[in-house]
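The chain contents come next:
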Amino acid sequence: MIKLIKCFWRIVSKPSVHLSFGLLTMGGFLAGVIFWGGFNTVLEATNTEEFCISCHEMSDNVYVELQETVHWQNRSGVRATCPDCHVPHNWTDKIARKMQASKEVWSAVFGNIDTREKFLAKRGELAQHEWDRFTANNSLECKNCHNYNSMDFSIMSERAQVQMKMAAERDQSCIDCHKGIAHELPENMGSGEGTLAKLEEMATSGYNKGQSYYSVRQLPLFTDNTLTTEAGQLNAATKVTILAVEGDAVQVEIDAWRKTKGFGRVMFEDFAMNVNDGFLTKEVAQSDDYMSKGESKVDDLTGLPWQKVEVKLWMRNSSLTESRDTLWTFAKTTYDSSCSVCHTQPAENHFDTNTWPGMFNGMLSFVNLDGDTQALVLKYLQKHSSDFSDEAH
Amino acid sequence: MSEIKTESEQTTRAGEWKTFLFITVCLFPILSVMLVGGYGFSVWFLQMFMIGPPGHG
Amino acid sequence: MSISRRSFLKGLLATSTAALVGPGLIQAAHAATGDTAGQWKISGSHWGAFRARVYAGKVQEIKAFEADKYPTDMLKGIKGIIYSPSRIRYPMVRYDWYLNREKSDTSKRGDNRFIRVTWDEAITLFHNELERMQTQYGPWAIHAGSTGWRSTGQLHSCGNHMAHAIAMHGYTVNKVGDYSTGAGQTIMPYVLGTTEVYAQGTSWPLILKNSKTIVLWGNDLVKNLQVGWNCETHESFEYLEQLKEKIARKEIRVISVDPVKSKTQNYLNSEQQYINPQTDVPFMLAIAHTLYKENLYDKKFIDTYALGFEDFVPYLLGESKDKVEKTPQWAEQICGIKADNIREFARMLVKERTQIMVGWSIQRQQHGEQPYWMAAVLATMLGQIGLPGGGISYAHHYSSVGVSSTGAAGPGAFPRNPAKPDNRIHKNQDFKGYSSTIPVARWVDAILQPGKKIQANGAEITLPDLKMMVFSGCNPWHHHQGRNNMKKAFHKLETVVTVDFTWTATCRFSDIVLPACTQWERNDLDLYGSYSGRGIIAMHKLVDPLFQSKTDFEIFTLLARKLGQEKDYTQGKNEMQWVKELYNGCVEANKASFSMPDFETFWKEGFVDFGTGKDWTRQAAFREDPEINSLGTPSGFIEIFSRKIDRYGYTECQGHPMWFEKAERSHGGPGSDKHPIWLQSCHPNKRLHSQMCDSEQFRATYAVKGREPIYLNPQDAKSRGIKDGDIVRVFNQRGQLLAGAVVSDNFPSGVARIEEGAWYGPVDEKIGSLDTYGDPNTLTIDLATSELSQATSANTCQVQYEKFVGKAPAVTAFGGPKEIS
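Same order as they appear, the protein sequences are chains S, X and A.
Take the first sequence: its letter number 164 is residue 1045 in this note's numbering, and every next letter is one higher.
Take the second sequence: its letter number 31 is residue 76 in this note's numbering, and every next letter is one higher.
Take the third sequence: its letter number 722 is residue 746 in this note's numbering, and every next letter is one higher.
Chain S extracted, bound-state conformation (with noise of 0.2 Å):
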């Protein structure tokens, strides 16, 4: 074997005796080209739907699941395949996404999910590294396709209008909104959860340390970064700012205002206004240890003492979203839609920000909405009150 090398590498390290140098070149160019050839034919093999769905894992789940969706079959007769959304279409993170190949194959191998109810608990982690894959890339695969600027918002449905001039604006990845358009969604997210899904659907991934968020539904808090000990509960369209982000967990500050009467756990955006941000438990809200306390003053219309703070809490590292103006339309559409069912529907302006509190509870037991919803709803109507509706309109 050595001798064999040897005599190998004395072949190669010398200049041919034998072979004229026009034969070695011509030979080695028309080798590259075959090879090159044969290298492109392969890879773009193994970039078909033939070849995704030569695997059962794949034929028996999300092909059949993408048969059902409009990326399957639509009027205009253009259809999306596997590659076309989950292979890269650059050349670096196309091979790397080859490599990363390897643990299918793998998988394949010791058959990880080759049943539909392993592969269902598993959905879950695999749907989020696509997730995850389109939010770094801003959904570059659907808009291989599909563009804002190639968009006409006047032939869109009015609430579609409002979502996608604002998703526009801040060529916001598609993703945020469009979970589930081709497969299933995870079990714990299906629409039948509704409007949870559709709230979680409105959250941004990736947050930024020192950016401000908002949260889509009520979230809970909690005292340290392993997420163990609870805190309390962070209410609806409230804003968080980021500390830290670890792992699966951030550390937020929540700018509040709160009552001193009693033991002071529930958080309101601002002085004397009943706008709830979420509530601590009796222990954090009487500790030093989360929060550092700032002026305090007597709300004239109750009599009661206020007093401002900023509280540090961990929570996880989800739900949160830029902007509340997705939050605010969503909250809309269900006030203007599931409260016109009774006698007249207020405006947003016709109470006061501590008035609708009271006027929404009295209107709850006409409507079924959720807790989330009606949280957030509330919110809306508080933030959309007579208190504010000059600084709205």
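Bear in mind the hints are in silico, worked out from the structure with no lab data behind them.
There's no promise every hint is true.
Unchecked claim - Pair by pair, the computed Cβ-Cβ distance ranges are:
#1 Y84(X) x E985(S): 11 to 21 Å
#2 G1252(S) x D788(A): 55 to 65 Å
#3 S1031(S) x R585(A): 34 to 44 Å
#4 A616(A) x S1204(S): 24 to 34 Å
#5 D639(A) x G1175(S): 39 to 49 Å
#6 W640(A) x D1217(S): 26 to 36 Å
#7 G913(S) x T57(X): 46 to 56 Å
#8 Y84(X) x E1006(S): 24 to 34 Å
#9 M95(X) x E925(S): 23 to 33 Å
#10 D1217(S) x G431(A): 43 to 53 Å
To be verified - To give an idea of the chain A side of the interface with chain S (calculated C-beta under 8 Å), a few residues:
#11 P213
#12 A223
#13 P439
#14 R440
#15 E651
#16 I652
#17 N770
#18 S773
#19 G830
Just so it is clear, CB atoms sit at the ideal spot from N, CA and C, and this is done for glycine as well.
Model the placement of chains X and A on the given structure of chain S, informed by the hints.
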């Protein structure tokens, strides 16, 4: 040093042909694939640990 | 959901076999004859669900829905609504208006002379008027926001159709509040944090188990629970029956604080605490005084859950501006209850678990905010708010409040708001400084005094200069106060459009009248039990729309077509597609918790049963944790003193509950020398407001010589020479009417009752003319409760009555218009 060349060091025409074909048909294609694959893997690992998933632009 | 439809029906079969045997056998025996032939269909109503036998295109008989164990007598009136001689047959236009349009002689409004036009012409006239208003004046000139009790059914909910179609055309004036609870729903958010009047109450089983005393404050449950906002289930009556038994066994004491022996009191065989009309606040203040002086009130509860008690006590003790101590002796002079009895009453309230149930009548009077607020203060002093069977409620007499909620989602409705508000034809939102929303009961003031500035709930309202009114399924000529004042106002209106199925007095005073069909001439669906959410009921079309009537959906589709927006209005769906979509939306909303059959099965069976819910205690969450579950008041606590109201600086509603003398009051009060009798116009026993008054045969069961009954005290009647069955002329400075005397021991001296909703039938259109049937609002005062609510004061009304001699004029209220051709 040319005078101390030995018989065993002589290259034959057949040997050169075999070596040429080995290099063009087997060795370099395999090396190319390994190179590209290695590049792909390195990018993947970089993505996993350093730069995050591919961005846009 | 554990109860399936099948098991529910089985249970029904088992429990009602006995009841079914009789008619069942008869049915079998006569199956071939006309008496039982035809098809049974199911439908619903404010009076409950029923099955109707339809034969030869006509409703033949009606029987209560099997699940309704306590059906109301009023089901007998339903056939008479469909086949009433008062039905509107064709689109009609007031004759003089037809000739002269907006320059018509409006003083002739009410002469009931109309001309028949085609649908096409009627809709064109309606559209032209809307167009003229928007271009000639602006959005401030049209009031299309007044709505009433409508007919049931979620798709055809008439107010929604009107609001939706008119909003597609342009902006209009809107209203806030309603005639039933205007004062209550405005004051209570300041005090207890919600409207209270429309809130679910503590479940009856918990009340029956825990309460030792129940105080019914001006509250006639048995009368008012017969009807409901959606399809009524009458589930409350099961508990009232149990309550009756508990009273008989002396396990619970029920005391009605009421000048009148109510239907409830007579049914339960319970006690009464007589009180002079409109004097609830002095009685309550004296109770509070006793609790305070005898140190019987719950200080700890007040400290934890309430604010402002210390600002209220000086008023109680006579240390504030008025310098009058609110002692039982002081109250006795006003409310007619002996001081010792007041003290005893106070002690009784604190002794054991006490549930106070307040009715709506005491807030339908001048300063109606005060008794509601003061009752909440009393309940706070008792400290039982949030305990099962304790505390206070303001709605146990309404739509089966107190029957626990299943939590199921009801069906949605035809949307009130257009899907594409940007497509509104007239985008003008310039109200020229007038307010775009006005308190519901102030629209007549607006017509008479446009530009007048009034205070309302912390805001200044500028009354708009209304030129055109649009009503749908709404009868203001029954529910508004002061007919003759209304006549004056209607002289100033250019155009009035009314959509209804029956020729109400509102039609009589309109210019364009469009005939809708009744709710039993269209397909729809409804929630069964407004608060209990017991199920979903199908409303099968029983017969085709009579005469030329159309569904509200069709009528406003025609208007939308004129606007070129028909497709946006119907969303491309016909009636049944809408019903199906509303049902499927309901299935979707309930997916997580209730399984529901598919639409076809539901429509065939007619009912989906959600079973019963869990018992629940009002304000229990607040009692448990007042911080997290804070109230909707400005402070989050019960506000005995409201700094917010105090800031408004009103004279008739100040920082804490107070006693104010009324404009008119019986038993020695203002105006009682000239008009000594207090006229109460409470919700009727045999109608739903003015609905069903047109049902001829049923009306004949209670009318006296064809007139609305007036209930009289025996001595009062005797001293005026009036016997049961006589025709009586009732009058005051505002108007006069004829009514039929019913002399009854239930009514104390100085008190008479004419139930509201009696149709207005004046002898002619002139101001002051005699009402021939007996509409109490001919006599009532159009006076705001206070600057806070600007609500109606119907129960502040003094009258005199005498025996009517001579030939009584014929009743003109029913039978439709005089057709001119």
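### Task
Could you say whether the range 34 to 44 Å given as a hint is met by the Cβ separation of S1031(S) and R585(A)?
At roughly 35 Å between Cβ atoms, R585(A) and S1031(S) fall inside 34 to 44 Å, so the hint holds.
### Query
Holds or violated: is there a CB of chain S closer than 8 Å to the CB of S773(A)?
Violated: closest Cβ of chain S sits about 39 Å from S773(A), beyond 8 Å.
### Query
Do A616(A) and S1204(S) keep their Cβ atoms within the hinted range of 24 to 34 Å?
Holds, at about 30 Å.
### Query
Under the criterion of a CB-CB separation shorter than 8 Å, is R440(A) in contact with chain S as hinted?
Hint on R440(A): holds, closest Cβ of chain S at ~4 Å, below 8 Å.
### Task
Hint says 26 to 36 Å; check whether the CB-CB distance for W640(A) and D1217(S) agrees.
Because 29 Å falls inside the window, the suggested range holds.
### Task
Answer holds if the nearest beta-carbon of chain S is closer than 8 Å to that of N770(A); otherwise answer violated.
violated, 33 Å
### Query
Taking 8 Å as the limit, does the beta-carbon of E651(A) come near enough to a beta-carbon in chain S?
holds, 5 Å
#### Entry: When the least beta-carbon distance from A223(A) to chain S is tested against 8 Å, hint result
Status holds, d = 6 Å.
### Interface hint outcome for I652(A) [beta carbon to chain S under 8 Å]
Holds, because the Cβ-Cβ distance from I652(A) to chain S comes to roughly 5 Å (cut-off 8 Å).
### Beta-carbon spacing of D639(A) to G1175(S) - inside the hinted bounds 39 to 49 Å or not
Given a distance of about 44 Å, which is inside 39 to 49 Å, the answer is holds.
### Message
Given the hint of 11 to 21 Å, is the C-beta distance from Y84(X) to E985(S) inside that range or not?
### Response
Distance hint for Y84(X), E985(S) holds at roughly 19 Å.
### Query
Between Y84(X) and E1006(S), does the beta-carbon spacing fit 24 to 34 Å?
holds, 27 Å
The earlier numbered hints that this structure contradicts are 7, 10, 17, 18 and 19.
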